[in-house]
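Same order as they appear, the protein sequences are chains A and B. Sequential numbering of the first sequence, starting at 1, is according to our numbering. Sequential numbering of the second sequence, starting at 414, is according to our numbering.
Because the hints were derived from the structure by calculation, they are not lab data. Hints may be right or wrong, so weigh each one.
[To be verified] Calculated from the model, a selection of chain B residues having no Cβ within reach of chain A, i.e. all distances over 10 Å:
#, residue
1, GLU588
2, ALA711
3, PHE718
4, SER768
5, GLU773
[What the hints assert, rightly or not] Below, in silico cross-link-like pairs of lysine to aspartate or glutamate (EDC-like), each with a Cα-Cα straight-line distance of 20 Å or less:
#, chain 1, residue 1, chain 2, residue 2
6, B, LYS686, A, GLU49
7, A, LYS162, A, GLU49
8, B, LYS697, A, GLU219
9, B, LYS686, A, ASP290
10, A, LYS193, A, ASP290
Every residue gets a Cβ at the ideal spot worked out from N, C-alpha and C, and that includes glycine.
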Amino acid sequence: MPSSRAFDILVIGAGPAGMAAAVAAASSGSRVGVVDDNPGPGGQIWRNEGHKPSTREAAAWFEQIRSSSLDYLYATQVLGPIGSGVLLAEISGCAVELSYDRLILATGARELFLPFPGWTLPNVFGAGGFQALVKSGLPIEGKSVVVAGSGPLLLAVAAYLKRHGADVRLVAEQAPIGKLARFGLGLWREPGKLKQAIRLKLSMGATRYKAGCWPVAAEVGAVTLSNGPKTWREPCDYLACGFGLVPNTELALALECSMAQGFVGVDTLQRTTIPDVFAAGEITGIGGLDLSLVEGQIAGHSAAGDEVSARKLFGRRERARLFARGLDRTFALRDEVQTLARPDTIVCRCEDVCYSSLAGHGSWLEAKLQTRCGMGACQGRVCGAAVGILYGWTRTSVRPPIFPTPLGNLAGT
Amino acid sequence: MSEGRVVVVGAGIVGTAIARALARDGHHVIVVDGRPVGSGATAAGMGHIPVMDDSEPQFALSRYSQTLWDELSERLPASVEFDRCGTLWVAADDEEMVEIDRKKRFYDERGLPSDVLDSRALLREEPNLRPGLAGGLVLPRDQVVYPPCAARFLLDEALSMGSEARIGTPVVAIEGHGVRLANGEQIEADAVVNAAGWHAATLTPGLEIRPRKGHLIITDRYPGYLRHQVLELGYLKSAHGSDRDSVAFNVQPRRTGQVLLGSSRQYDISDPKVDRPILERMVKRALEYMPTLSRLSAIRVWTGFRAATPDSLPIIGPHPEHPGLFLATGHEGLGISTSLGTAELIAAQVGGRTSPIPPEPYWPARLMTVTPHV
Numbered sequence: 001m002p003s004s005r006a007f008d009i010l011v012i013g014a015g016p017a018g019m020a021a022a023v024a025a026a027s028s029g030s031r032v033g034v035v036d037d038n039p040g041p042g043g044q045i046w047r048n049e050g051h052k053p054s055t056r057e058a059a060a061w062f063e064q065i066r067s068s069s070l071d072y073l074y075a076t077q078v079l080g081p082i083g084s085g086v087l088l089a090e091i092s093g094c095a096v097e098l099s100y101d102r103l104i105l106a107t108g109a110r111e112l113f114l115p116f117p118g119w120t121l122p123n124v125f126g127a128g129g130f131q132a133l134v135k136s137g138l139p140i141e142g143k144s145v146v147v148a149g150s151g152p153l154l155l156a157v158a159a160y161l162k163r164h165g166a167d168v169r170l171v172a173e174q175a176p177i178g179k180l181a182r183f184g185l186g187l188w189r190e191p192g193k194l195k196q197a198i199r200l201k202l203s204m205g206a207t208r209y210k211a212g213c214w215p216v217a218a219e220v221g222a223v224t225l226s227n228g229p230k231t232w233r234e235p236c237d238y239l240a241c242g243f244g245l246v247p248n249t250e251l252a253l254a255l256e257c258s259m260a261q262g263f264v265g266v267d268t269l270q271r272t273t274i275p276d277v278f279a280a281g282e283i284t285g286i287g288g289l290d291l292s293l294v295e296g297q298i299a300g301h302s303a304a305g306d307e308v309s310a311r312k313l314f315g316r317r318e319r320a321r322l323f324a325r326g327l328d329r330t331f332a333l334r335d336e337v338q339t340l341a342r343p344d345t346i347v348c349r350c351e352d353v354c355y356s357s358l359a360g361h362g363s364w365l366e367a368k369l370q371t372r373c374g375m376g377a378c379q380g381r382v383c384g385a386a387v388g389i390l391y392g393w394t395r396t397s398v399r400p401p402i403f404p405t406p407l408g409n410l411a412g413t
Numbered sequence: 414m415s416e417g418r419v420v421v422v423g424a425g426i427v428g429t430a431i432a433r434a435l436a437r438d439g440h441h442v443i444v445v446d447g448r449p450v451g452s453g454a455t456a457a458g459m460g461h462i463p464v465m466d467d468s469e470p471q472f473a474l475s476r477y478s479q480t481l482w483d484e485l486s487e488r489l490p491a492s493v494e495f496d497r498c499g500t501l502w503v504a505a506d507d508e509e510m511v512e513i514d515r516k517k518r519f520y521d522e523r524g525l526p527s528d529v530l531d532s533r534a535l536l537r538e539e540p541n542l543r544p545g546l547a548g549g550l551v552l553p554r555d556q557v558v559y560p561p562c563a564a565r566f567l568l569d570e571a572l573s574m575g576s577e578a579r580i581g582t583p584v585v586a587i588e589g590h591g592v593r594l595a596n597g598e599q600i601e602a603d604a605v606v607n608a609a610g611w612h613a614a615t616l617t618p619g620l621e622i623r624p625r626k627g628h629l630i631i632t633d634r635y636p637g638y639l640r641h642q643v644l645e646l647g648y649l650k651s652a653h654g655s656d657r658d659s660v661a662f663n664v665q666p667r668r669t670g671q672v673l674l675g676s677s678r679q680y681d682i683s684d685p686k687v688d689r690p691i692l693e694r695m696v697k698r699a700l701e702y703m704p705t706l707s708r709l710s711a712i713r714v715w716t717g718f719r720a721a722t723p724d725s726l727p728i729i730g731p732h733p734e735h736p737g738l739f740l741a742t743g744h745e746g747l748g749i750s751t752s753l754g755t756a757e758l759i760a761a762q763v764g765g766r767t768s769p770i771p772p773e774p775y776w777p778a779r780l781m782t783v784t785p786h787v
């Protein structure tokens, strides 16, 4: 029989939004549980930093998590809802039922992969995933790396790799220099961000940073880049690509929360359209660290019934949203990087489905049924967002379980 | 040769098979469906093509259809994943072995090959079955296909012979000589075939069809885990039993190395959501027969609705009151298997030819309350 645990408030995800939500919710004295599939808190941005935080802000939040009265369920995967107020989860291979009065979804985001020729080669990684690999021990000392794609993540990853001895040959940002300059000039309103940017830039040393260029093809040992008129090869051991983030909305979809433009729809108190289900962080709109933290706090307070504390944070959330909108505008993907796939470029890695075999289908459902695209072990997490960009298809539902699980876990008692 | 114009309502495997047969006979066929090709019950079927022994009409239709799949198999594209993996019926105990012997005689008398397995041979054939099961019967000619691509192939063949497909706008009414679409458009025809699965009853009132919900689970790839489609003998009890919810052990090797697991049956539920209690029963039942399944990684669970009839036989043939209206539905769990045979029956009836097998057992009139003419 699967064991079961009960909570007043259950937080799914222990990245910044989930950490902030849990801390805020626990301040009311509620019985709060925090679930994450990683072995500890921190999410993607503060992964494995529990004992060695990278910033003072991270240190403060880890400290708050430690000093709050919370029940932790790490290395735990939520498989889906199995009734009103109950989720089925898997801990160390075993099924566990988690029941809650109120649920806060802070499931974060994953990297967006855009298919281009060679993107499935073993020397090509997602930028964030590559950083995580290095964090968990991939030797990088002396290896040459090109970091390409878009957004502030590229700089953060490049700086991290450099600190760990990598030879970062180039950071290729697809956004045009003009947009970047306008965004940079706007940073005076955000002194914290400006300082962060300058620190990142300084830590990059002599590393080349080129705006307005993007990868068009990868091979073992090199990447081909283009800036439109010019195309050139850049030798490298690894290519780390980051084109942006995709919200992890699977659980919200399984709970039947309404979506707004691909994100979980919430009201000012971070309430979803499903009663007693709240959402915070990247799943409500990609906004980065500050927005995730403040949304998490608001969700935590409102889930605990402390509307007053929640409302006090609305102003901070508004400022963080403005900054996020600026990021969105600056790093919007240009058409060229959205059309890099060639007819024989693999789009769905699990099922080996290439670009040309997807063409001509009228919908995601039709393409899935006819080509198996998105039907493999990753359950469409990688190709789902790519086909959204390539063909405009959207995913409106998910099939359980949200993560693959041993069949025995579906047998119940 | 130009025969009449026929509208086929439904682009599932039955509708697309009918379109292909009618197009071959020279009809101008228009296939209409509001949803993508093969995305209804077709996408929730296992694609098992057995010869059934539960009744003479079921045997006749399933055997005839299997020979048609055999003839077609050479031309099927790889995407259809045609696989003659055979069926293995498992007997749990000695009492069930008596039924195995009856089954064997049934197939022998009709000239179909089958092999009885004892307890040890059973484990040799399927090492992942639990030791201690009494035995089984293998039907080596039974087949498996991937249904959505099979439906697509059948439709493509129809299109290559001049048919049209109107996918995306649902039919809201069958009236007079034609159909009316949700956008108000009328399509006139000499004949209409209602092959809309369990939705058929809303378009043709008086049809005794009920939705019968089923669940499927598919695993990650485990090549070699399974060799046959393996079913418990009690499957037919589940399929034909009472109105109560039922489950049966039914597992299939896919060409991809994946394992497809069924089956469950529930009447009168229209919610497609996964039903936890019956899913748990279904998995437990499977683990009783094949305990190592518990370790296989399940990647997806989904549901669908079979079109069930009170006598477990499909409804194939002319409407008793409306000339020019033909019905092809009510196939329950055998729609993929018997689609090709159904298509030949309908094509013969639309064309006024003699049916390739006796059509009477499937006639709609047997299940319809005929309103008296005034």
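Which of the stated hints cannot be reconciled with the structure, identified by number in ascending sequence?
2, 6, 8 and 9
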